[in-house]
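A.B. asks: The hints should help you fit chain C onto chain U, whose structure is shown.
One letter stands for each residue in the lines below.
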Amino acid sequence: MCCSHELKETAQPLTMVPAFMEHIKGMQFFDPHIHMTSRTTDDYQAMAAAGITAVIEPAFWLGQPRTGVDTFKDYFNSLIGWERFRSSQFGIKHYCTIGLNSKEANNEKLAEAVMEILPLFIYKEGVVGVGEIGFDDQTPAEEKYYRAQLELAKEAGLPVQIHTPHRDKKKGTTRSMDIAIEHGIDPKMVIVDHNNEETVKEVLDRGFWAAFTIYPFTKMGNERMVEVVKQYGSERIMINSAADWGISDPLAVPKTAALMHESGIDSNDIHLVTFRNAITAFAQSGQINEADFEMVKQIDQSLKFNGSTVLRGGQQPFRNAQSTIIS
Amino acid sequence: MEPYYYDSALVSNRIHAIIAAHATPQALNWLQQQLALLQEAKTTQRFNITFTAMPRFTGKTPIPDTHIPEANNFFIYGYTLDRLARIWWLLQLPSEDRSRYIAAIEDLFSAADMNEQITLYGALPLLAYPGEWKLRTAEGVRSNIGGVLEAIMVHNPYPAKYLDEPAWNQLVMKAIFTDKPVHLITGLDERANLQLAQILRDYAHERWAAGRKINPMLWRLIAPFIDNEMMPDINRIWASDQIVDKEAAALACAHTGFAPAKALLQQSPELAGAIADQSLTWVTVAEKASVL
Chain U
1 MCCSHELKET AQPLTMVPAF MEHIKGMQFF DPHIHMTSRT TDDYQAMAAA GITAVIEPAF
61 WLGQPRTGVD TFKDYFNSLI GWERFRSSQF GIKHYCTIGL NSKEANNEKL AEAVMEILPL
121 FIYKEGVVGV GEIGFDDQTP AEEKYYRAQL ELAKEAGLPV QIHTPHRDKK KGTTRSMDIA
181 IEHGIDPKMV IVDHNNEETV KEVLDRGFWA AFTIYPFTKM GNERMVEVVK QYGSERIMIN
241 SAADWGISDP LAVPKTAALM HESGIDSNDI HLVTFRNAIT AFAQSGQINE ADFEMVKQID
301 QSLKFNGSTV LRGGQQPFRN AQSTIIS
Chain C
1 MEPYYYDSAL VSNRIHAIIA AHATPQALNW LQQQLALLQE AKTTQRFNIT FTAMPRFTGK
61 TPIPDTHIPE ANNFFIYGYT LDRLARIWWL LQLPSEDRSR YIAAIEDLFS AADMNEQITL
121 YGALPLLAYP GEWKLRTAEG VRSNIGGVLE AIMVHNPYPA KYLDEPAWNQ LVMKAIFTDK
181 PVHLITGLDE RANLQLAQIL RDYAHERWAA GRKINPMLWR LIAPFIDNEM MPDINRIWAS
241 DQIVDKEAAA LACAHTGFAP AKALLQQSPE LAGAIADQSL TWVTVAEKAS VL
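Sequence order for the protein chains is U and C. With the working numbering as the guide, the letters of the first sequence map in order to residues 1 to 327. With the working numbering as the guide, the letters of the second sequence map in order to residues 1 to 292.
So that you can see chain U by itself, here it is in the shape it has in the complex (with noise of 0.2 Å):
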């Protein structure tokens, strides 16, 4: 997409419904990868405006290095805890994966530290897989923690949500597919994320779920997502924002939809790879149950209507982001 496009567009009065929710309307979402630690309340209420009912949110990399084990027992336990608990107050129910990422990895002392701790949390409620874990820089140690992280899965049998490194991808993505067999891991418990048009066919070929990110500027544009669901269909293909502190869009999700409506797809192939395939893939798990999508909603309606458990006194979770007034 053009940048000057982008700048008029958020010149414009923030009034107006935009385009693409016409083409969306009383749709569902589930984005199978994004990281809400890192975005705010005005997301959460816009995600939950477009349609997104839930949220799979991978434990991944902070933007800088931890120093130590602590940080990531707290970045666990508020995967768990606290951010669960925010989604849960804009009706969007939240799930997470849990693992040591790949750039991580590379700190050998520390890395041996986190594993001690993950069994602790991957079998928490709503753990839905061990993620995201894989190569980076494809370094000895990167390949260590992922191959112990496996058993860990495999242990515990969770789906693994895999991320493919940005550099070498092709040659990545492979060995990271020829690890997990190697470890005797069905390639149905494994989705493999941050596909694109040069990876896609052998990891549909070999059986595994191919995760797409629609993630502006370096990973997929949201037109080139179209070209690949006309090309490969909707059978084990899902997409997801990977929102996170980077320049990124949690409607990422809802807006492909749109397009993908726009140009003539399906609406049971657009609701299979926005919606359904994550569930079937992740609910693998045991710990999906999509009766909470609706449970959550009521939970949310009744802290509108009685305010008995908001966030802070009187404090309604949606407020008008069009007023002047704040009150």
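Bear in mind the hints are in silico, worked out from the structure with no lab data behind them. These figures come from a predicted structure and were not determined experimentally. One or more hints might be untrue.
[Said to hold, decoys possible] Sample of chain C residues with no beta-carbon within 10 Å of chain U, all distances over it, derived:
{"no.": "1", "residue": "Ala36"}
{"no.": "2", "residue": "Asn115"}
{"no.": "3", "residue": "Glu116"}
{"no.": "4", "residue": "Gly146"}
{"no.": "5", "residue": "Lys161"}
{"no.": "6", "residue": "Ile199"}
{"no.": "7", "residue": "Asp241"}
[What the hints assert, rightly or not] Which chain C residues face chain U? A few, computed with CB under 8 Å, are given here:
{"no.": "8", "residue": "Thr52"}
{"no.": "9", "residue": "Ala53"}
{"no.": "10", "residue": "Arg56"}
{"no.": "11", "residue": "Gly59"}
{"no.": "12", "residue": "Ile63"}
{"no.": "13", "residue": "Ala111"}
{"no.": "14", "residue": "Asp113"}
{"no.": "15", "residue": "Met114"}
[What the hints assert, rightly or not] Label pairs and their calculated CB-CB ranges:
{"no.": "16", "chain 1": "U", "residue 1": "Thr174", "chain 2": "C", "residue 2": "Thr24", "range": "31 to 39 Å"}
{"no.": "17", "chain 1": "U", "residue 1": "Thr218", "chain 2": "C", "residue 2": "Gln32", "range": "51 to 59 Å"}
{"no.": "18", "chain 1": "U", "residue 1": "Gln322", "chain 2": "C", "residue 2": "Lys213", "range": "48 to 56 Å"}
{"no.": "19", "chain 1": "U", "residue 1": "Thr139", "chain 2": "C", "residue 2": "Thr24", "range": "17 to 25 Å"}
{"no.": "20", "chain 1": "U", "residue 1": "Glu227", "chain 2": "C", "residue 2": "Ala41", "range": "34 to 42 Å"}
{"no.": "21", "chain 1": "U", "residue 1": "His271", "chain 2": "C", "residue 2": "Lys60", "range": "27 to 35 Å"}
{"no.": "22", "chain 1": "U", "residue 1": "Asn289", "chain 2": "C", "residue 2": "Gln32", "range": "19 to 27 Å"}
Built from N, CA and C at the ideal position, the CB exists for glycine as well.
C.D. replies: The following block gives chain C in isolation, referenced to the frame of chain U:
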């Protein structure tokens, strides 16, 4: 010193009977296996895995509300099966070694997800060495997670029995700030104190200045301390156009020995009569206020 201040074996059996009435045979069997494994291994790790994995094996069937007076007045309120099974499991943790027991419980708190936190704080009245959990309770009151706060505040006899006055006052203020059902706090009237009444009066003035509503339950805590200084506020809510505020003023007047307040109540024979025949109580005010 005895670890438990109540008959923990008896209570464990009572809770197990409730679990048995709601669990599948497979889940019960799994719990028995876990108990056997724990008694054999006697390790904290073994204990932790079962505690954490509980919902995967028990499910979340709702449990009817039940009062267990012999368990320090423990109240099963809004429970699901996994939560009750975790409570039972906590009673299986060996407690003879005081420091080991305390470390194990603190570790559970520090790695707890939201439901585990709710369970652990709700279990406070049943934990061994009850004097040891005061700071942990105060820490829980600092939480911003509604369910955690309710686990400490609602039908939980631990805080009223063990918290010192400043910590108790924090708990009550936080309950009012976060719109929790204040009338369900155990020991609310017994622990009312002048310091808290003064804090709440200042708080009411702040809310009025901001044009915000005031939880009428606040006047229940002020009632025993009404004096010349407090009386103008009582007059103000008596004159409110919200009937629930006027009812709260009437109840406050009925619960004080301060003569001008008593006289105020006599101005409305209707409200005085409703209080006398119990059709107007703090509970009816709380219920009315919660739907506003």
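A.B. asks: Now tell me, hint by hint, if it's right for this structure.
C.D. replies: Here's how the hints hold up against the structure:
Once the 10 Å rule is applied to beta carbons, alanine 36 (chain C) is consistent with being away from chain U; the minimum gap is 20 Å. At roughly 6 Å, the least C-beta separation between asparagine 115 (chain C) and chain U is not larger than 10 Å, which violates its mark as non-interface. Glutamate 116 (chain C), annotated as away from the interface, has a beta carbon of chain U within 10 Å; the closest lies near 8 Å. With a cut of 10 Å on Cβ distances, glycine 146 (chain C) falls inside the contact zone with chain U, its closest approach being about 3 Å.
The Cβ of lysine 161 (chain C) lies farther than 10 Å from every Cβ of chain U, with a closest approach of about 24 Å, so its non-interface assignment holds. Distance to chain U confirms isoleucine 199 (chain C) as a non-interface residue, since its nearest Cβ pair spans about 14 Å, more than 10 Å. Remark: the non-interface label on aspartate 241 (chain C) is consistent with the geometry, its nearest Cβ contact in chain U lying 20 Å away (cut-off 10 Å). Against a cut-off of 8 Å between C-beta atoms, the interface hint on threonine 52 (chain C) holds, since the closest Cβ of chain U lies about 5 Å away.
Taken as an interface hint, alanine 53 (chain C) checks out: its beta carbon lies about 5 Å from the nearest beta carbon of chain U, inside 8 Å. At its closest, the beta carbon of arginine 56 (chain C) sits 7 Å from a beta carbon of chain U; the interface hint therefore holds under the 8 Å criterion. About 10 Å separates the beta-carbon of glycine 59 (chain C) from the nearest beta-carbon of chain U, more than 8 Å, and the hint is not met. Nearest Cβ of chain U to the Cβ of isoleucine 63 (chain C): about 17 Å, over the 8 Å cut. The hint is violated.
Using the Cβ-Cβ criterion of 8 Å, the hint placing alanine 111 (chain C) at the interface with chain U is satisfied: the shortest such distance is roughly 5 Å. A cut of 8 Å between beta carbons decides the hint on aspartate 113 (chain C): the least distance to chain U is about 4 Å, and the hint holds. Hint on methionine 114 (chain C) holds. Least Cβ distance to chain U is approximately 5 Å, under the 8 Å limit. The hinted range of 31 to 39 Å is not satisfied by threonine 174 (chain U) and threonine 24 (chain C), whose Cβ atoms lie roughly 45 Å apart.
In this structure, threonine 218 (chain U) and glutamine 32 (chain C) meet the distance hint of 51 to 59 Å, their C-beta atoms being roughly 53 Å apart. The hinted range of 48 to 56 Å is not satisfied by glutamine 322 (chain U) and lysine 213 (chain C), whose Cβ atoms lie roughly 24 Å apart. As the Cβ distance of threonine 139 (chain U) to threonine 24 (chain C) is approximately 48 Å, the hint placing it in 17 to 25 Å is violated. Look at glutamate 227 (chain U) against alanine 41 (chain C): about 56 Å separates their beta carbons, and that is not inside 34 to 42 Å.
At about 28 Å, the beta-carbon gap between histidine 271 (chain U) and lysine 60 (chain C) stays in the expected band of 27 to 35 Å. Separation of asparagine 289 (chain U) from glutamine 32 (chain C) is about 26 Å and conforms to the stated range, judged on CB atoms against 19 to 27 Å.
Comparing the model with each earlier hint shows violations of hints 2, 3, 4, 11, 12, 16, 18, 19, 20; every other hint is respected.
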